[in-house]
Amino acid sequence: MITYLDAIRSAMDEALGRDPRVFLYGQDIGSFGGAFKATKGLAKKYPGRVMDAPLSEDAIVGIAIGAAIEGMRPIVEMQFADFSTCGFNQIVNHAATLFYRTEVSCPIVVRLPSGGSPGGGPFHSQSMEGLYAQYPGLVVMTPGTVEDAYSMLLDAVTIDDPVIFCEHKFLYNHLRAEELPKETTPIGKARIVRHGRDVTVVTYSAMVHESLAAADELREDGYQVEVVDLRTVKPLDTDTVLASVARTGRLLCVSESFPWGGVSAEVIARVTSEGFGLLDAPPQRLSAKDTPVPYHPNLWSSHRPTANAIASALRRLLEM
Amino acid sequence: MSSDRGRETAPRTEYLKAYRVMLMARVLEEKLSSLYRAGHIKGGVFLGRGQEALSVSVGINLRKGDIYAPLIRDQAGRMAFGDTALDTLRTYLGSQLGSMRGRDGNIHRGRPREGYYAMISHLGAMIPTVTGALLARRFRGETGVVGATCIGDGGTSTGAFHEGLNAAAVEKLPLIMVVANNQYAYSTPNDRQYACADLLDKAAGYGVAGHDVDGTDLGACLEVLGKAVAAARAGGGPQLIVGRLLRLVGHGEHDDASYVDPALKASHVGRDCLKVAEDYIVENGWATPEEIASWRVEAKSEVDVTAAKVLREPAPDPNEEEWMAISETRLQDNFAA
Ligand SMILES: Cc1ncc(C[n+]2csc(CCOP(=O)(O)OP(=O)(O)O)c2C)c(N)n1
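Chains A and B supply the protein sequences, listed in that same order.
Residue numbers for the first sequence follow this note's numbering, beginning at 1 and rising by one.
Residue numbers for the second sequence follow this note's numbering, beginning at 1 and rising by one.
Heads up, a few of these hints could be off.
[Stated by the list, open to error] Below, a sample of chain B positions facing chain A; criterion: calculated Cβ distance under 8 Å:
id	residue
1	96
2	100
3	102
4	130
5	131
6	132
7	135
8	157
9	159
10	166
11	321
12	328
13	331
The hints are simulated quantities; they were obtained by calculation from the structure and are not laboratory data.
It should be emphasised that the depicted structure is a prediction, and the values quoted were computed from it without experimental measurement.
Every residue gets a Cβ at the ideal spot worked out from N, C-alpha and C, and that includes glycine.
Make the full structure from the sequences, and use the hints.
Here it is, written out as C-alpha cells:
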C-alpha cells in the first residue's frame, strides 16, 4: 500500500532521477529525511542534490529563485506551511513577479506541509492556499488523494512558474492507495469525485474525504451529493464548478482554512457572478472557525469542518 | 582585513576607465534628476551621488558569466557591468522598448538571463537570490564565477541579509557582499540602525572574510574590490566589503536630506568621490582638467541625445498588453478570472 507521503517521496525520487536540474533544499531533509520523512533515503540516492538548509525560510526561497533563474528546478520543503510566512516576501514579491517583470520564468516548487493534525496547535496547522492564491504569478496546488499527490508533484516540477504545493499533513499516513497512477488529470482541472443531482460540494485537500463521508450520511436521507475536488486552487476550474451547479442548483464550499476571504469566497463569488441563474438557494460555505487553530484534539476537531458538520450544513442548504 | 591604502597600485588604465564610468553615471543621474523635476518621470528617482567609486569598483571587477544584483545607488556599478544610458532612461521613463517594458521601473531593472538581476524593493532579498544562483553554477560544475550584490547600512538590519549571508557562508559560495555604509538609511542615522562598533564586525559573525574600505577613494575601492573578488573566485568563500562614505543627496529626489549632520558633510566621509578621483588623475598627470572637462561634455551630450530619443518612444499600451503573470501557456486559459 502506498501512502500520500510515499507518493510525495516517489514523485521527488522520480523527478530527481529524470532531470538533473532538480534538487531538493530544506531544513533537515538530508540524511535525516525531513520532519515527516518525505525525503527519506533520497540524500543517499542522489548525493549532493538533497541539501540541508539553515533555519532560514527567506534564504531557502531566495536561493531557490536564484537557482531557478540559472536554469535549475529546485523543490524546497518548508518544515510546516506556517513557517512559509518567514519566506513570504521571496514567494509573493520575488518568485511571483519575476516572469511578469523580466520575462524570465521561475520554476520553483515550494512544498507546504499544510492543515491541521491533532495537537498541531496554532503554529503547525495552517492552511495557506488562499493567501498564496491571492498573488498573481503563483500556481497553487492542493492534492487530496494519493494519486494526485504523486502526479501533481511531478507536474509541479515541470511547470515553468512558481508552484505552491500544499500537501496535507493529516493525509500523509492516513490515506492509502493500491498503486501510483499511470494516467493523470490535466493541471488546473477539477475532478468530480462523486456524482449527485441534489447539491454540489466544492472542496479540496483533506476536506474531500470529510465531504465524501458527509455525502454517505446524506444518502441515508435520500439525497445525492456531488463532490468536486478542485485539486488546484489556482488556476481555479470554474467551468467544472459551474457545470456541477447547473446540474444541482445548490452549492456548499468546504475548506479547512480560516473563513475570511480565501478559496471558498472566490468560488462563491465566481458562481454568483457567472451562474446566478443556476442557483436555487444562496451558496453557502463551511470553513474552520475564525480563531487560531487550537491545540487540544477535542478543540481541534470542532475547529475544522468534519463530516458531521458538513452533513448538517448540507441539510440546511437542502431545506432552503 | 585589508587596508584601504591601495591607491598607488591601482593601474592607470583601470583607474581612468573606472573614472569615466563614474562620470557617465553621475551625468546620467543629473539628467534623471532634471527629468524628474520637469515631471517626465513617474514614481521616484534614487541617486548614487557620492557612492560611484565603491559601486563602479564592484561592476568593473566582474566579468561576463558573473552575477550582479545591484541595489538602489548602483548606477555606476550597473554601467560598469554593461547597463547603458539608453536602457536606464527607457526604464525610468517607462518606454515600451525598455528591458522592463514599463512593467517595472527606475532601479528595479535588469536582464537576469545575462546575469544582471532585477532587484525587488524589499531590501536584502537579492542576497539569498544571488546565493542560489551561485549554487546553481556550482551544480553545473562552473568554477571561477562570482556573484555580487550590494546593500546599504539600513539593509544590513533585515532578516534576509542575515539569512542570505549565513547560507552563502555555510555553502562557501563566492558571494561578494558590498555594504555602502552611507551613514543614513533614509533619515535614520547609524546609531539607530545597529549597535555593533562597526558593520564589518558582522563578517566574523557569519564566518566570512571582511574588508574595510574608504568609499570616497576610487583607488582604494578598486584595490579592495579587486582583492575580494579574486579571493572569492579562487574559492575563498563569501567576502563582506564595507565602504565608508556619505550619501551626498536625499534618499530620493523628493527628499532634501535636511537631517544630514553638517559635521559629517564636512568630514572625510563627506568628500565627493568623483572630485577626489579627478584631483588624483590631475595630480598624477594622467589627464588635464581640460581633458576631464571635455569628457564631461561628451557624456552630457550623449545623455541628452539619448534622453531626447527616449522621450519620443512609445509608452506601453494597456490594450495591447499581455497581462499574464505566468509563463505557462497551458495554464493561462484557466487563469482568466
Ligand atoms: C524590507 C524593506 N523595508 C523598507 C523599505 C523602504 N526603504 C527603501 S530604501 C530604505 C532605506 C535604505 O537605507 P540603506 O539600506 O542604508 O540604503 P541607502 O538608501 O542608504 O543607500 C527604506 C527604509 C524597503 N525597500 N525594504
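To see whether the hints hold, each was checked on the structure:
| no. | hint | in the structure |
| --- | --- | --- |
| 1 | 96 | violated, 14 Å |
| 2 | 100 | holds, 6 Å |
| 3 | 102 | violated, 11 Å |
| 4 | 130 | holds, 6 Å |
| 5 | 131 | holds, 5 Å |
| 6 | 132 | holds, 3 Å |
| 7 | 135 | holds, 5 Å |
| 8 | 157 | violated, 14 Å |
| 9 | 159 | holds, 6 Å |
| 10 | 166 | holds, 6 Å |
| 11 | 321 | violated, 11 Å |
| 12 | 328 | holds, 5 Å |
| 13 | 331 | holds, 5 Å |
Hint violations for this structure: numbers 1, 3, 8 and 11, all remaining hints satisfied.
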